[in-house]
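Going down the list, the protein sequences come from chains E and W. What the first sequence shows, in this note's numbering, is residues 56 to 219, in sequence order. What the second sequence shows, in this note's numbering, is residues -15 to 345, in sequence order.
A portion of the hints provided could be inaccurate.
Just a sample of chain W residues kept apart from chain E, beta carbon distances all over 10 Å, derived [to be verified]:
no., residue
1, THR43
2, ILE48
3, GLY67
4, LYS79
5, ILE93
6, ALA122
7, PHE165
8, GLY210
9, VAL236
Now the stretches of chain E that chain W is said to cover, found in silico as 3 or more residues with beta-carbon under 8 Å [as the list claims (entries may be wrong)]:
no., segment
10, 63 to 70
11, 91 to 99
12, 116 to 126
If you're looking for bench data, these hints aren't it; they were derived computationally from the structure. For each residue, glycine too, the CB sits at the ideal point set by N, CA and C.
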Amino acid sequence: MNLITPEFGLLFWQTLIFLLLFLLLAKFAWKPILGSLKEREESIDSALKMAQQAKEEMQSLKAGNEKLLAEARKERDQMLKEGQAMAAQFVEQAKTTATEEANRITQQAREAIQQEKSQALAEVRNTAAQLSVDIAERLLRRELADPAAQQKLVDDYLKDVKLN
Amino acid sequence: MKRLLTLLLCLCTFVGFGAEPTESGEKGESFNPGEVILHHVADSHEWHWFSTDNGHFVTYLPIIAYQPGKGLSVFSSEELAEGKTHGNLKLEEEKLVTTDGSKVYDFSITKNVAALAMSSLLLVIIFTSVAKSYNRRAGQAPSGLQNALEPFVVFIRDEVGKKSIGPKYERYMPYLLTVFFFIWFNNLLGLTPGAANLTGNIAVTMAMALLTLIITLFSANKNYWGHIFAPPGVPWPLYIIMVPVELVGVIVKPFSLMIRLFANITAGHIIILSFISLIFIFRSSATGFLSVPFGLFISMLELLVSILQAYIFTLLTAMYIGSAVEEHHHDEAHHEDFGTAEERAGGSNLAHLGRPDVAAH
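With the rest of the complex left out, here is chain W (with noise of 0.2 Å):
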């Protein structure tokens, strides 16, 4: 099966590479596949569903600028299509900017915010009818929607939480199964023909990974800055270093968590839209035998990695937060690297940090 499928493609590399250099030397127009595949994953002013030769099929979304002096200012982002300008606003590859010079804030509801109200609402409508049926069948078997979600509830719960946080776990668990199904429900609408892009989006990941931070540093017990400012087992000399390392660290650890999620989510969409692209390139349907099959094999991918990044960025906040609340022996010595880390929690969900398959998402 392998192999026959290995040479249907290299068949159709040659056919893809036989026709590119008549076809594109004929036709004039110019195909910017970078540029379209920006403007698949990035946001935008309007919801860009498709476009045919008649025109563009387009939602316009609403534009709320806010300028200091000049005050709030809302109407639709079609007044801004095309390059046209609203009073002195106007859009410059789709950043809202002035046509003076000063300065403006953009709250518009964009593609990804109007993505993000409507995907909460998905999730508020989905966990509260769970919830329902919850408090419907007390005492019985769970059913439908709510057996299919309940699994993944208990993993998160007793995979994650217990075994990353600990005895605490209880206090963070709304929070990680927020951020667990925001995460996955995203990835996968994201995956969604025609929808947009919201967990690949760096705004998006940078809220969570300081929602993340922040509730690292409010839940911080004395260990836990005790660690940072005075590491034991280290000569105080070493302090000079050690504590601006330490809360480098800190920093770190949820700038990580942005730029995975966004990088990984993004790298998805971009090799998808890749294989498309390449029908385009070669101007050549032929080309579709390669490029469905990969971007097949690549969706079907995505598939997992919507789950295992979602999984990935709650395991992680868990590590965050159980470092944070952990009750430390004061007889043992602490190192830095979490390979110590690994052998002293026995298995425990800290060890992850320590495997280079997981650091690598």
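Isolated chain E (complex conformation) (with noise of 0.2 Å):
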């Protein structure tokens, strides 16, 4: 058989074999076989894709949180502030209060100490006045004994009797 020119047998069962081997490859070997191959694609596509989502999301996630702590943070520093200031207020406004209070009872005191004075005068008045009374009636009695006597009782009376 000469080595270069083709057969026409041979053509033949080649291209009749290969065409058959073609189909049945193409249909019972290729078909399932690019056909996983695609879907396994697919899948680890999806799969790192997915992947790749929730990492994000937990970036989000985490960015989330840590605003949130952020921002309790900054509220409880405004509240101690705050709590401060209150009790600061409170501070003066007791200290204000304690000082009115303290003033008011001062001048309570001191206004009945003036009452209590002037209430101590009218009866040192009165006491004088009940006494003159009295020396007066004891005078008058004894002026019914002697005159000169009760002369001289009402000037050793007025002598005792310093008014002061």
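From the two separate chains plus the hints, produce the assembled complex.
Right, here's the structure in full:
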């Protein structure tokens, strides 16, 4: 057989068998194989995408958490500050109230003292008047006995009584 | 190591040459290496396994002959062995002829047809089992044979199909994969001792090249035909030259596919057989020290060539189909040489055409 002249018989069989092989492989091998490969690649692709998405979600979640934490911290700081301010205000108010109260009590005491004093003075006056009346009474009783003695007595009494 | 090997080979050569005149002079048996080698690489009507002093170990294959007027006749090739005739049929240099010179069509199951059927069966068994393991192990990592062959399938799909054909690659994948694995497996089987040299037969490569041509022509869009019958950027008087050149180009592409595969595989076989023949030419077993390492080296090279040629055939097929289905941009000027195609494609597989090393294969 000549090496470089194609044999008609072999050409025929090659075409026939090769086409048969092609059809068989295309239907029973390449279709499922390529299909599975594509499916697998798509599933890997989608899995990777999902992982990426999850990562992003986690990052955003983390960022949200941090933001929340920062806000909470800020709020706490503000609350502390407010509390301090309020406490200071309370103290200040209490101080003011105490001072006012003290002033008021002092004032009241002063007024009471004044009142007592005037009361006492009035009592002294009354006592003095009573004494005067008593003296006058005794004088009047003595006058009945001895006018000279009465005069003397009056004088003595007057000597004793010192109006102060 | 290399130097040692060279020294060894030189010694062997001397031994070989030294032995040659004495022994071949004494023994009168003629050894015709050309005939033996051609017998090994060519197709045959019987499967000759080996010969010993006790005779030939041969499997006789069926002969199917069709003679216009006489009809179909099927019989064993044993009836035509050693120059015998069956009816008016006889074998002349492995070619089926009639004694009376009338026309006969030879549809015999020759050695190559038998090898073709067996390798095709092997391919079907292998790849259907691989496909089954894809179904069985859906959603799991590939294993075994499936794992071994998957990289090749993916490579042909991604590096050959997608890159050379473009977005419409999926339609052509079954053909490309069949071509690739058919050529590769048959190249490897052809290297097996006793097996047929199927991919080194020009009828086989011709059939595949014709299929590529048919697929290319049937999938060609109007850009492709426009490029042939009205090459853009060419003044119309030049059409008289350009159109025939383009038409010849259409034929030359599959022709080169046919010749490239045939020549590469046959050449490899011839080289290996030549090295082995040296032993018989010099009639000295010492020549084996030269022939065996060289034959081994070429055999290793052939293992590489097996897959390389399968890849090149598939790649070029994909590129021809790619050029047929490509959508051209109208504002671009077109040139005939592939150097500009390389620039245009920007490092795609079209660039390989311009490369001398690939073209040489």
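Checklist entry - Taking the closest pair, is the beta carbon of GLY210 of chain W still more than 10 Å from chain E? => result About 30 Å separates GLY210 of chain W from the closest Cβ of chain E, which puts it past 10 Å; holds.
Checklist entry - In terms of Cβ atoms, is chain E entirely out of 10 Å range of ILE48 of chain W? => result 8 Å, violated
Next on the checklist: If I take the minimum Cβ distance from GLY67 of chain W to any residue of chain E, is it greater than 10 Å?
Outcome noted: 16 Å, holds
Item to check | Assertion that chain W covers the segment 91 to 99 of chain E - criterion: three or more residues, beta-carbon distance below 8 Å | outcome: holds (count 5)
Checklist entry - Would you say the segment 116 to 126 of chain E counts as covered by chain W, given the rule of at least 3 residues with C-beta under 8 Å? => result Violated - the segment 116 to 126 of chain E has 0 residues with a Cβ nearer than 8 Å to chain W, which falls short of three.
Checklist entry - Does the claim that ILE93 of chain W lies outside the interface with chain E hold up, using a Cβ gap greater than 10 Å? => result 8 Å, violated
Next on the checklist: The output says THR43 of chain W does not contact chain E. Does that hold with a beta carbon cutoff of 10 Å?
Outcome noted: 17 Å, holds
Next on the checklist: Would the non-interface assignment of LYS79 of chain W survive a Cβ cutoff of 10 Å against chain E?
Outcome noted: 6 Å, violated
Checklist entry - Far enough from chain E: is every CB of that chain over 10 Å from the CB of ALA122 of chain W? => result Violated: least Cβ distance 7 Å, not greater than 10 Å.
Item to check | Per-stretch coverage check for the segment 63 to 70 of chain E, three Cβ contacts closer than 8 Å to chain W | outcome: holds (count 8)
Item to check | Separation of PHE165 of chain W from chain E, once the least beta-carbon distance is taken, above 10 Å | outcome: It is violated; PHE165 of chain W is separated from chain E by about 8 Å at its closest Cβ, not greater than 10 Å.
Checklist entry - When you look at the beta carbon of VAL236 of chain W, is every beta carbon of chain E farther off than 10 Å? => result For VAL236 of chain W, whose nearest Cβ neighbour in chain E is about 17 Å away, the distance exceeds 10 Å, so it holds.
Figure legend: structure checked against the earlier numbered hints; hints not met, in rising order: 2, 4, 5, 6, 7 and 12.
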